[in-house]
Amino acid sequence: MPAIEILGLEKTYSVGFWRKRPKRALHPLQLTVEDGEIFGFLGPNGAGKTTTLKLLMGLVFPSAGSARILGREWTDPSVKAQIGFLPEQPYFYDYLTAHELLEYYGQLSGVPAKQRKQRVEQVLDKVGLRDVQGVQLRKFSKGMLQRVGIGQAILHDPKLVFFDEPMSGLDPMGRREVRDLMEQLKHEGKTVFFSTHILSDAEALCDRVAIIHKGELRGVGAIEDLTSSVQGKVEVVWQGTQVPASIKALGAECHVTGDRVRAIINENQQDAVIDALRRERLRLIAITPVRTSLEAYFVEKLRRAETTAGRTA
Amino acid sequence: MRIAHIASNTFREAVRDRVLYNLIAFALLLSGAAILVGQISIEIEKLVVINLGLTAVSLFGVVIAIFIGIGLVSKEIEKRTLYTVLSRPVRRWEFIVGKFFGLAGTLVVNTFFMAVGVFAALFYVSHKFVRADALILVALYFIVLQFLIVCALALLFSSFSSPLLSAVFAFSLFVIGSFAEDLRNFAALAHGVSRWLATGAAYLVPNFSAFNVITSIAHEQPVAGQLILQNTVYAVFYATMALSGAVLIFEYRDLK
Numbered sequence: 001m002p003a004i005e006i007l008g009l010e011k012t013y014s015v016g017f018w019r020k021r022p023k024r025a026l027h028p029l030q031l032t033v034e035d036g037e038i039f040g041f042l043g044p045n046g047a048g049k050t051t052t053l054k055l056l057m058g059l060v061f062p063s064a065g066s067a068r069i070l071g072r073e074w075t076d077p078s079v080k081a082q083i084g085f086l087p088e089q090p091y092f093y094d095y096l097t098a099h100e101l102l103e104y105y106g107q108l109s110g111v112p113a114k115q116r117k118q119r120v121e122q123v124l125d126k127v128g129l130r131d132v133q134g135v136q137l138r139k140f141s142k143g144m145l146q147r148v149g150i151g152q153a154i155l156h157d158p159k160l161v162f163f164d165e166p167m168s169g170l171d172p173m174g175r176r177e178v179r180d181l182m183e184q185l186k187h188e189g190k191t192v193f194f195s196t197h198i199l200s201d202a203e204a205l206c207d208r209v210a211i212i213h214k215g216e217l218r219g220v221g222a223i224e225d226l227t228s229s230v231q232g233k234v235e236v237v238w239q240g241t242q243v244p245a246s247i248k249a250l251g252a253e254c255h256v257t258g259d260r261v262r263a264i265i266n267e268n269q270q271d272a273v274i275d276a277l278r279r280e281r282l283r284l285i286a287i288t289p290v291r292t293s294l295e296a297y298f299v300e301k302l303r304r305a306e307t308t309a310g311r312t313a
Numbered sequence: 314m315r316i317a318h319i320a321s322n323t324f325r326e327a328v329r330d331r332v333l334y335n336l337i338a339f340a341l342l343l344s345g346a347a348i349l350v351g352q353i354s355i356e357i358e359k360l361v362v363i364n365l366g367l368t369a370v371s372l373f374g375v376v377i378a379i380f381i382g383i384g385l386v387s388k389e390i391e392k393r394t395l396y397t398v399l400s401r402p403v404r405r406w407e408f409i410v411g412k413f414f415g416l417a418g419t420l421v422v423n424t425f426f427m428a429v430g431v432f433a434a435l436f437y438v439s440h441k442f443v444r445a446d447a448l449i450l451v452a453l454y455f456i457v458l459q460f461l462i463v464c465a466l467a468l469l470f471s472s473f474s475s476p477l478l479s480a481v482f483a484f485s486l487f488v489i490g491s492f493a494e495d496l497r498n499f500a501a502l503a504h505g506v507s508r509w510l511a512t513g514a515a516y517l518v519p520n521f522s523a524f525n526v527i528t529s530i531a532h533e534q535p536v537a538g539q540l541i542l543q544n545t546v547y548a549v550f551y552a553t554m555a556l557s558g559a560v561l562i563f564e565y566r567d568l569k
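If you read the sequences in order, they're chains A and B.
Position 207 of the first sequence, counting from 1, maps to 207 under our numbering, and the rest follow consecutively.
Position in the second sequence (from 1) plus 313 gives the number in our numbering.
Check each hint, because a few of them may be wrong.
[Stated by the list, open to error] In silico EDC-like pairs for lysine to aspartate or glutamate, Cα to Cα no more than 20 Å straight-line:
| id | chain 1 | residue 1 | chain 2 | residue 2 |
| --- | --- | --- | --- | --- |
| 1 | B | 392 | A | 94 |
| 2 | A | 20 | B | 330 |
| 3 | B | 569 | A | 10 |
| 4 | A | 23 | B | 446 |
| 5 | A | 142 | B | 391 |
| 6 | A | 126 | A | 180 |
| 7 | B | 392 | A | 100 |
| 8 | A | 159 | A | 131 |
| 9 | A | 186 | A | 216 |
| 10 | A | 139 | B | 330 |
| 11 | B | 569 | A | 88 |
| 12 | A | 142 | B | 567 |
| 13 | B | 388 | A | 94 |
| 14 | B | 388 | A | 88 |
It should be emphasised that the hints constitute simulated quantities derived from the structure, not laboratory data.
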């Protein structure tokens, strides 16, 4: 059973004060997220990521379409007991301490009183806020608030967690900790759906990603599928500082760094290059397929979308 | 149960945001007045303390009800604290009703402390309590009923407009409602379209004038049991209607 099935959800807002005109924030979206995967929802700012998350959380109402979460209608209130949500740049009741806030959210999520105390303590430990649990949130830094946000999202031990830009506002250490936490959640069998515009985070974490731009889905797939086989090239590395003439003749793109040479060649030229290295008695170090980075794929998708939009206009 | 948790958090917010500090201003006002009138005349001092005390209880409470009530929903939307609440198994109507009871609870506690202040001032000027002083409790009860209506109205406006507009609407309704009896009398005298309009407005605005028994109580005139019942039913009905309106609007509102 998929964790999330988005069945044509779309959202059009009315904008303007006097003469209302429609503004489409999300085109009909079809998307499936499998159980137990870390799914990245990528797009530039204003692409429709947050709108999608708000629709799934029931914070805004769709103009059309529906969704199923954990096998049930997404509007079913019982679904919400099993999902956690971290909004973008979260803001909490700043008159509460971290402990009080988690206690309150535990009450609202229906965590039984006996388990609640223990659960709050565990989560405070997990997000590294144990030492400041008695401090009012108004004295917290942005990074600390982000940790509180993550804590409240996982407090009730949900099966599915939605994070909207979870690394936003975090320093490198904090980002690393959030990555570790997401991997830990996956290890515990939970599904993580997170939106981001930081592609390196997605590349490091996600099983699959979807790319959205101007409210339209531009691509979905596993990172490996999206980033490999686009160019059909391999990188050959050997020891030395010279490039044999026969390799140069293949039109290889070569770079010498220290005592190593890196050459980018077509996959079908691989055997010829190995033969040339043998003949010249040069030591082969590695042959690896060249992968397009997620960033390159992302930029390409957006560029293509812009070109199509330009032609249509 | 979730309503109780939301209400209790709303109460805690008011306490931590130092809303109950108004009690200090109230205490200063009342003790100043008690000392001052004690020097004017023995005959009217009790009258002044009851009138001033209860009017202050009413005004302080209405100001708190409006200024907290107008931000109860809009502030949560603006600061996005609502997102982490409504993404839990909390229904939108539970949120509104919880907020209402939280604010109403704050006002009841506030009124309780003010009432203690009024009785203390009364004891200071008359050195004893008489049976008729118990009527002050009826006036206080009516004041609390007024607060329920004002809270519900502030929440209603807060569910669809900005805090500033909500404050203007709620305060205007409070002022018009305080003269509802005059509006009804005017409607009875008017003719044609203006009669219809005035009658409609008179019955639509909350009739706060029926809740104002301060002057008669200061003169130790008893309050009819029927009026107590009538005001109770009216306040519960009006607050429920306003609250239902707030729920209806909020149920379908996009939280952008």
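Against which earlier hints does the structure fall short, listed by number upward? Hints 2, 4, 8, 9 and 12 contradicted; others consistent.
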